[in-house]
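**Q** With the hints as extra help, turn the sequences into a complete structure.
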Amino acid sequence: MIDCLIYNMKTFPIYLSLLCFLLNNPQTGYAAEEEKERLVELDAYWAEVSRAVREGDFEGYKATCHEKGVLVSGTKKTSYPLSEALVRWKKDFTATKAGKIKAKVEFRFSQRFGDETTAHETGIFLYSFTDPEGRWTQEHIHFQALLLKGKDGWKIMMEYQKSKAKKVEWDALTGKEQRRPK
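Take the sequence shown: its position 180, counted from the start at 1, is 180 in this note's numbering, and no numbers get skipped.
These are computed hints drawn from the structure, not numbers from a lab. Do not take every clue at face value.
[To be verified] Result set (BS3-like, lysine-lysine): computed pairs, CA atoms no more than 30 Å apart in a straight line:
| # | residue 1 | residue 2 |
| --- | --- | --- |
| 1 | Lys-104 | Lys-162 |
| 2 | Lys-77 | Lys-166 |
| 3 | Lys-162 | Lys-36 |
| 4 | Lys-151 | Lys-36 |
| 5 | Lys-68 | Lys-91 |
| 6 | Lys-166 | Lys-91 |
| 7 | Lys-155 | Lys-90 |
| 8 | Lys-68 | Lys-102 |
| 9 | Lys-104 | Lys-164 |
| 10 | Lys-62 | Lys-104 |
| 11 | Lys-162 | Lys-91 |
| 12 | Lys-164 | Lys-97 |
| 13 | Lys-151 | Lys-104 |
| 14 | Lys-76 | Lys-91 |
| 15 | Lys-97 | Lys-167 |
| 16 | Lys-149 | Lys-97 |
| 17 | Lys-151 | Lys-76 |
| 18 | Lys-62 | Lys-155 |
| 19 | Lys-102 | Lys-62 |
| 20 | Lys-77 | Lys-164 |
[Said to hold, decoys possible] The following label-pair restraints were derived from C-beta to C-beta distances:
| # | residue 1 | residue 2 | range |
| --- | --- | --- | --- |
| 21 | Lys-162 | Arg-88 | 25 to 31 Å |
| 22 | Gln-144 | Ser-83 | 34 to 40 Å |
| 23 | Lys-36 | Ser-110 | 14 to 20 Å |
| 24 | Pro-132 | Ser-110 | 18 to 24 Å |
| 25 | Glu-59 | Lys-151 | 17 to 23 Å |
| 26 | Lys-151 | Ser-110 | 26 to 32 Å |
| 27 | Gly-74 | Val-168 | 16 to 22 Å |
| 28 | Ala-32 | Glu-133 | 47 to 53 Å |
| 29 | Arg-88 | Glu-35 | 34 to 40 Å |
| 30 | Lys-97 | Glu-133 | 17 to 23 Å |
| 31 | His-120 | Thr-78 | 17 to 23 Å |
| 32 | Thr-174 | Glu-84 | 30 to 36 Å |
For every residue, glycine included, the Cβ atom is placed at its ideal position computed from N, Cα and C.
**A** Written out as structure tokens, the structure is:
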């Protein structure tokens, strides 16, 4: 009887650990499903940003920004309200919409994390545009974005345009598991 009790005492932690694992495993699956849904929503957000730039839809682009959003420029060592940047960028949206220039933006991510209402995205964006003569220029930029989800969806709260990136860095992100709006 004592041998049986000692055996049970020795195996109890093993069974307890197994029970804890089994009880937590469905939560892990649920968390993974929530993360997948969050990334689908964020992919839709970045696709909307890309669409607005490509079509010259200033109001559509503005709607992706939080009203108190901040733009940080690492190369210029400045930060200021996104609303000021929007005023400066509006002429390019207008020219794109009028067909005077073409513009597009693509995103590739090296890191994406957050929860159901916050997201921190790190990667490189490629902004491509033409001049009035039709010559394309490309700018690869390391960036970080902090987004908040409210009743009207995801909005960028902070865009940190950290530094210029190289094409080789952009290309290296191709193999990462990510979604890229076209």
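**Q** Does each hint fit the structure? Answer for all of them.
**A** Do the hints match the structure? See the list:
no.: 1; hint: Lys-104 / Lys-162; verdict: 20 Å, holds
no.: 2; hint: Lys-77 / Lys-166; verdict: 20 Å, holds
no.: 3; hint: Lys-162 / Lys-36; verdict: 27 Å, holds
no.: 4; hint: Lys-151 / Lys-36; verdict: 20 Å, holds
no.: 5; hint: Lys-68 / Lys-91; verdict: 21 Å, holds
no.: 6; hint: Lys-166 / Lys-91; verdict: 27 Å, holds
no.: 7; hint: Lys-155 / Lys-90; verdict: 18 Å, holds
no.: 8; hint: Lys-68 / Lys-102; verdict: 29 Å, holds
no.: 9; hint: Lys-104 / Lys-164; verdict: 17 Å, holds
no.: 10; hint: Lys-62 / Lys-104; verdict: 16 Å, holds
no.: 11; hint: Lys-162 / Lys-91; verdict: 24 Å, holds
no.: 12; hint: Lys-164 / Lys-97; verdict: 27 Å, holds
no.: 13; hint: Lys-151 / Lys-104; verdict: 28 Å, holds
no.: 14; hint: Lys-76 / Lys-91; verdict: 21 Å, holds
no.: 15; hint: Lys-97 / Lys-167; verdict: 28 Å, holds
no.: 16; hint: Lys-149 / Lys-97; verdict: 28 Å, holds
no.: 17; hint: Lys-151 / Lys-76; verdict: 34 Å, violated
no.: 18; hint: Lys-62 / Lys-155; verdict: 10 Å, holds
no.: 19; hint: Lys-102 / Lys-62; verdict: 18 Å, holds
no.: 20; hint: Lys-77 / Lys-164; verdict: 13 Å, holds
no.: 21; hint: Lys-162 / Arg-88: 25 to 31 Å; verdict: 19 Å, violated
no.: 22; hint: Gln-144 / Ser-83: 34 to 40 Å; verdict: 20 Å, violated
no.: 23; hint: Lys-36 / Ser-110: 14 to 20 Å; verdict: 19 Å, holds
no.: 24; hint: Pro-132 / Ser-110: 18 to 24 Å; verdict: 35 Å, violated
no.: 25; hint: Glu-59 / Lys-151: 17 to 23 Å; verdict: 19 Å, holds
no.: 26; hint: Lys-151 / Ser-110: 26 to 32 Å; verdict: 30 Å, holds
no.: 27; hint: Gly-74 / Val-168: 16 to 22 Å; verdict: 19 Å, holds
no.: 28; hint: Ala-32 / Glu-133: 47 to 53 Å; verdict: 50 Å, holds
no.: 29; hint: Arg-88 / Glu-35: 34 to 40 Å; verdict: 35 Å, holds
no.: 30; hint: Lys-97 / Glu-133: 17 to 23 Å; verdict: 19 Å, holds
no.: 31; hint: His-120 / Thr-78: 17 to 23 Å; verdict: 21 Å, holds
no.: 32; hint: Thr-174 / Glu-84: 30 to 36 Å; verdict: 34 Å, holds
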